[in-house]
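Visitor: Residue numbers (my numbering), protein chains in the order written: chain A, 10 to 333; chain B, 10 to 333.
If you're looking for bench data, these hints aren't it; they were derived computationally from the structure. A quick note: this is a predicted structure, and the numbers were derived from the prediction, not measured. A portion of the hints provided could be inaccurate.
For chains that are exact copies, the list does not tell them apart, and a pair is met inside one copy or across any two.
Claimed, not checked - The list that follows gives simulated cross-link-like pairs (lysine-lysine, DSSO-like), each with its CA atoms no further than 30 Å apart: (1) K46 to K174; (2) K196 to K110; (3) K173 to K325; (4) K173 to K26.
Protein chains: 2
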Amino acid sequence: MNKKNLADRLLEAIDDKKNPSVVGLDPRINRIPDHIKEEAGDRAKTPFEAVRYSFEEFNKSIIDEIKDIVPAVKPQVAFYEQYGSHGIRAFEETIDYAKDKGLIVISDVKRNDIGSTAKAYAAAHLGEVERINKEFTYSFDSDMVTVNAYLGTDGVEPFLDVCKKYGKGIFVLVKTSNPSSGELQDKEIKGEGKVYELMGELVKEWGEDLVGNRGYSSVGAVIGATYPKEAEKLREMMKKAIFLVPGYGAQGGTADDIIPCFNDDGYGGIVNSSRGVIFAYEREPYSEKYGDENFAKASGQAALDMKTDIRKSLEKGKKVPEGW
Amino acid sequence: MNKKNLADRLLEAIDDKKNPSVVGLDPRINRIPDHIKEEAGDRAKTPFEAVRYSFEEFNKSIIDEIKDIVPAVKPQVAFYEQYGSHGIRAFEETIDYAKDKGLIVISDVKRNDIGSTAKAYAAAHLGEVERINKEFTYSFDSDMVTVNAYLGTDGVEPFLDVCKKYGKGIFVLVKTSNPSSGELQDKEIKGEGKVYELMGELVKEWGEDLVGNRGYSSVGAVIGATYPKEAEKLREMMKKAIFLVPGYGAQGGTADDIIPCFNDDGYGGIVNSSRGVIFAYEREPYSEKYGDENFAKASGQAALDMKTDIRKSLEKGKKVPEGW
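Given these sequences and hints, build the entire structure.
Guide: This is the structure we're talking about:
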């Protein structure tokens, strides 16, 4: 109880690593090096169990290499959920391992439902679940989750409640990074701006009671790096929100594109790269130097390179925070 | 491959049971009868495993009683996900058992993401997953899922692809049953009606290639029973869409409220009740007659009563299909 505000914890972790970036842990079985899959296959009784062990080994190796470079990791649950309960076991293991290594864990789940059901999701991912005895009360126990708010406030409130009670946070989808995000999100609502602006206003309201000592709220927003103009407008509107910024790297967003997501003080954004970091070993310049065997070291180097890129862009476009 | 169109299969199942309703399998551990929990506790090695066995036993008992009454069941994944991989194990077991008993399974997952990730969700819940050998290719293998389309077409397309390939279907959130659904969904977009109408138009487009022999599409819409006026407008717009109608019973929607969700021929709607059926044993008039021990029989009776209610409303407000 009475845990520290999540936004404060996240900013502290960002300062500690001097790096506002996060690595997306989105494993895909056909892109995991063969030696890992072979070893997992030897231990496993079923193909799905082999996937589980492969994901765990792959993720743990990468976490070991990036734990001193990035403040947070972001596992995307879909890639685990694909393999049913075995995949979810790997998701649980990944979260536990990352937390043990001092990383903040942002579970990218994009959950959403009516209030009574949203309460179950919030309990599952951030809080305590209903239990039949007192021994085992937490389920995933991530630090933050992503939330889709198409259903409005009563689908978000259960998440806010657990954020307050357990010192957790959420990122609400506002302007997503994908090509067709504008089909709904860019529509102009009579007298209230675009749909993403309305969502931005709602995020501000939801976050008001969760602002920490550093002036940022534990209720942040997902804003795609692929839409820098929209990000600029939203940044202006939502000074206290931390933006989780996907779309950098594999989706086409550049380090310069992410600049509008930051405030003038150099804070307020946390940039995600998934495939670009975890599968760095597959591509130049990393593949030649590291190869399959040292895939995790390639990820470490790619994470460092991303840190450098973001720093350069901050220097050029906004400001590098004091002491970094 | 080349499986039968899902909408055709669903309408056939509805005709077979003469009943356009679905039972939501949303177990909550504190509402499951003690004798089930005690037995599960004896078998289990951990509290979460006890929850898993409790959910499985509870659901299977109810499925046995309702399998000849309703065409479909709708497990809400949040209630399983709460208990991590153990809960997901119960979710898998429930889906398999219901399909074995000839029921159509609608997984209420409300998943959503950018295209490459939506592809993983679609594969997980409706299609085949990437595999490391050929033996174990399906994960959940439900018949239908619910989808949140805040991200637009490219987040929905992967679901459409699996629907075509595997004879599956989806219900897209259009106008949800919860009190604050209007915060975004009722907003008026310049020249395009309300947000839920825009979403309705998109659902129509997405469903065009998936219309079956009976004239309905495998791409349906979620329309809350709690908003009959909006349902009427959407019904007019989207003749070929099947509406999944939550909100009946525990959420306050009455049998009359669901009438606007049906077309004049008496088809086009499938009404969900979760708590009202699965926890019927807790309340009058079922509790006195059945008690804890016969909780599943209470659910069977509640499912029959719901069928009668809907039939009466159809008689009064629309039409009872030929042969029912």
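Visitor: Each hint: holds or not?
Guide: Here is how each hint holds up against the structure:
Proximity of K46 and K174 under a CA criterion of 30 Å is satisfied inter-copy only: 29 Å between copies versus 40 Å inside one chain copy. Neither within a single protomer nor between protomers do K196 and K110 lie at most 30 Å apart by alpha-carbon distance, with minima of 43 Å and 45 Å respectively. Taking the closest pair of Cα atoms, K173 and K325 never come within 30 Å of each other, the shortest separation being 37 Å inside a single copy and 49 Å across copies. With identical chains, the CA atoms of K173 and K26 are at most 30 Å apart within one copy only, with a shortest distance of 26 Å there and 47 Å across copies.
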